[in-house]
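Now for the letters of each chain:
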Amino acid sequence: MNFRFRALVCAIAIAIIWICALGWAAGLRWNTPLWPAERLVLTARNFHTVMGAGVEDGDALQVGAVGDDGNALQALRLGPVAAKDLPILRYRFHDFPRTLELSLLFRRADAPDDAQVITIPWPGEGWRTVDLRNVPEWHGDITEIGFVEYATAQLVPPSVAFQPFRFDRAELVSPSWRGGMAALSTAWFAYVPWALLSVSALAPDRATAGTSSPLPVVLPAAALSVLAASVILGWSRRRALRRAGMAVAVLWVLLDVRWLRDFGSRHALTESLYAGKSWDERQRLLPEQDLLAAADGIRGWLATQPPGQRILLDADSKYAFLRLIYLLLPQNIGLLGLTGATPVPAGSLIVLYSSSQWTYDAAQRRLRGAGRTYAVDTLFENESVRLYRVLQ
Amino acid sequence: MSLVIAWVLCLAAGIALWLALNPRRGPGWCAAALGYGGVFGMLLAAGAAALAARADTAHALWRAGPLLLGVAIAGALVWRRGRRPESVYEEQNENKWISVLLGVAVASLAWRGWTALREILLRPTYPWDAWDAWAVKSKTWVLLGHYAPFVPIEDWLRHPGRELYTSIAWGYPSTLAWMQVWFASAAGGWIEPLVNLPWFVLWIGLLLAHYGQWRALGIGRQPALLGTYALGSLPLLDVHVALAGYADLWVAALLGFAVLAWLRWRLHGERSQLLLAFGCALLLPLLKLEGAVWLALFALTVLYGMLPRRRRRMGFGLAAVALVLIAAVSGLALPLPGLGWVGIGRDYVSVPVIGQLHLAWHGAAFAGVLNSLFVQPNWHLLWWIAPVIVVWRWRQLRAADVTRQLGAFLLAGLAFLLFLFVFTDAASFAESYTAVNRLLMHLVPPLISLLMLLLRDVSWGPGRGGTGPQSAAHSPQA
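Sequences listed follow chains C and S, in order. For what it's worth, this note's numbering labels the leading residue of the first sequence as 18, then goes sequentially. For what it's worth, this note's numbering labels the leading residue of the second sequence as 455, then goes sequentially.
Treat the hints with caution; some may be incorrect.
Just the calculated beta-carbon pair ranges, DEER-fashion [unchecked claim]:
id : chain 1 : residue 1 : chain 2 : residue 2 : range
1  : C       : A266      : S       : E608      : 51 to 59 Å
2  : C       : R255      : S       : V558      : 24 to 32 Å
3  : S       : G817      : C       : E398      : 26 to 34 Å
4  : C       : G96       : S       : S882      : 42 to 50 Å
5  : S       : L729      : C       : T390      : 54 to 62 Å
6  : C       : R389      : S       : V560      : 55 to 63 Å
7  : C       : Y336      : S       : R612      : 23 to 31 Å
8  : C       : R259      : S       : D801      : 48 to 56 Å
9  : C       : R278      : S       : L457      : 30 to 38 Å
10 : S       : R763      : C       : I36       : 52 to 60 Å
If you're looking for bench data, these hints aren't it; they were derived computationally from the structure. From the three backbone atoms N, C-alpha and C, an ideal C-beta is built for every residue, glycine too.
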């Protein structure tokens, strides 16, 4: 065999390896059609605005406002659609703000009262594709589909999250190589915002359907490619090692380029939120604005009291009580949930934020919860915050 | 202006300290001095603030500053007296194309550094433990204007008349808190971007120190730059800089520094490097509780390596007997600096500040660990290629004491993490991915140093050595 022929065989072998690897990663089979056999076009102007405000813009829907709860929702009733026949979702938005997160909402015929909501990749510009076959809730007959937009959770202050955008079009299509590859591209390259888990693991730092890491696919495929080339082209051990080293280096750089793009996208949100603002403005621009308001209220009330009060704090949400403690520093705060059997000193203050565990018996002036009872005076109450003073 | 003074003072003190201990100038000395010195400086500032600014944290800069100034002047004087001329060193046959590619790699490091810096300077403290655990003490002390002790909640409740504070992280080491106090006092208040800025300098210090020490260990400029890029490009390290506030990057850096200094002592016999190695290792439990485990493992590795070869088995046996005796006398408990007496039972391990961890196999956690290492994009290809390189270079690893011992140290560290996350209640942290990667990160800089040593004599092509003359002169025979 001359070299050209072997090189051709090698190229074909490598192409087959990558097609198999990518097809496997996309959940495709050899007999999956190249192009989708079925397609259901969901024209944006046919969606009705359930929350927020939207107006038709040709075939598109221009969304101009969110509802009172900070969410926008556009939904469309469907003549029942078999989920297994049309599991590939394509969607396209224009000017979708980086500050918003996007979720897919759907209802099934077997549970018409249950709205299923899953977070899907941020749309950016152009088409995004999500393979819903891996979503357990996507089965049976789908009777309604919709998109929900809201401030990115635990990252973006709801008050500054919304900017108008245009919903262009969505489609549900049957499995195909084209759809599978598009879904794989979205899964590997979609922008994922920072999350509280990001410092611990980059995936899945946000539970976003249709995102995955390319690592377990591209590395074995690259290794097999080098092996195939080594066998077919008859490389020496030394040459094969050198090429393997180069392949690792190239792969590392490609993964790094992908990460740099992701890193840059994550940072772009930070720039859009905080750039050009003073520190005083930025420290007020926190995602948990309800907690910030509660902290302001508590701090304002405490300012009327003698300094150095001991405070015990509780809330149903761990995030809420820990965050409140930080926001209220340097108030001297302990966690009510950790006091156990140790007596609470008289005069201590108890602050409850959105807490359903503790109930106040006004007649007996007793606060009960977590198997404990404290004699208390009510000092302050509003919708989310309750404040008591512990009696002797 | 105060902020500039704070940075200049601490960096000058740290760099002067490094130079005083390492007057010898050779390949990479400048990078190592800036890297180690920068990190030392920030930790010196923490120590000085803890000593001198307890009564007045608002003026920590002026109260602790003279201490740092003293260290800087003393260090500079010692260095001036002891400095030696730079040894002549020539790079051989550097491939220009590789130099260009490495230039691009360094540019990519600069770009991500700039991005991380902007992220720090713009965003209020974001990650969970940063505000829930690590910044609680510092913010309290800064806003109070003075130090107040943090105690368990039972003590806090029992002494209502004393100025005590409590927190779920009351037992965490306070070193980083004092460092934040130093920078907050210079910034004029609790301004989070400015108290988080040290994480950016730490990242630069980590990369410079590793580059400098690898060069000092005889690794050529191009391979050392490649290793620096590999280390600096790891996504989870970048995240710990951009979303500043966790202690893990500090532990990773100091453990990496300790290992590098130990390697220099083993390979070149520089005693000051042994001192630095122990200094860095002793700081580990002062940064994070897990640092106690790394200190113990590292100390055992160093002591084992210090023993004459024929006495190692005997020393190992004696140490084992001593541990068994301590465990028997103290009711199966072993002392671990920073953690206290760690109790060991048939189906539990008891750690004073953590609680009792029950022993059982957790399959899902094992899957979580594998996912973290080989699937998630936290480490690029590091955990895939590390075992391949070890197997490929097994003969080189076995041939030298120093690589063998470093390999054993890393293996013991990984075994500890595997045990912790797969056989104890800490498994939930592996299943939820909340801790496993962060603890693995501590071992990443030493792991890359081992890989650099194993690969340093590899020739990738004719006439492209890139390793300098010291490479041959200092092959790991020690």
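Now the hints, each set against the structure:
Distance hint check: the CB atoms of A266(C) and E608(S) are about 56 Å apart, consistent with the given range 51 to 59 Å. In this structure the supplied range 24 to 32 Å holds for R255(C) paired with V558(S), their Cβ-Cβ distance being about 27 Å. The given range of 26 to 34 Å is broken by G817(S) and E398(C), whose C-beta atoms sit roughly 48 Å from each other. One distance hint, 42 to 50 Å for the beta-carbon pair G96(C) and S882(S), holds here, with the actual separation near 45 Å.
Between L729(S) and T390(C) the CB atoms are about 59 Å apart, so this pair conforms to the stated range of 54 to 62 Å. Taking the beta carbon of each, R389(C) and V560(S) are about 60 Å apart, inside 55 to 63 Å as hinted. A C-beta distance of roughly 29 Å is found between Y336(C) and R612(S), which places it inside the suggested range of 23 to 31 Å. For R259(C) and D801(S), the hinted distance range of 48 to 56 Å is satisfied, since their beta carbons lie about 51 Å from each other.
Separation of R278(C) from L457(S) is about 33 Å and conforms to the stated range, judged on CB atoms against 30 to 38 Å. Between R763(S) and I36(C) the beta carbon distance is about 55 Å. The supplied range of 52 to 60 Å therefore holds.
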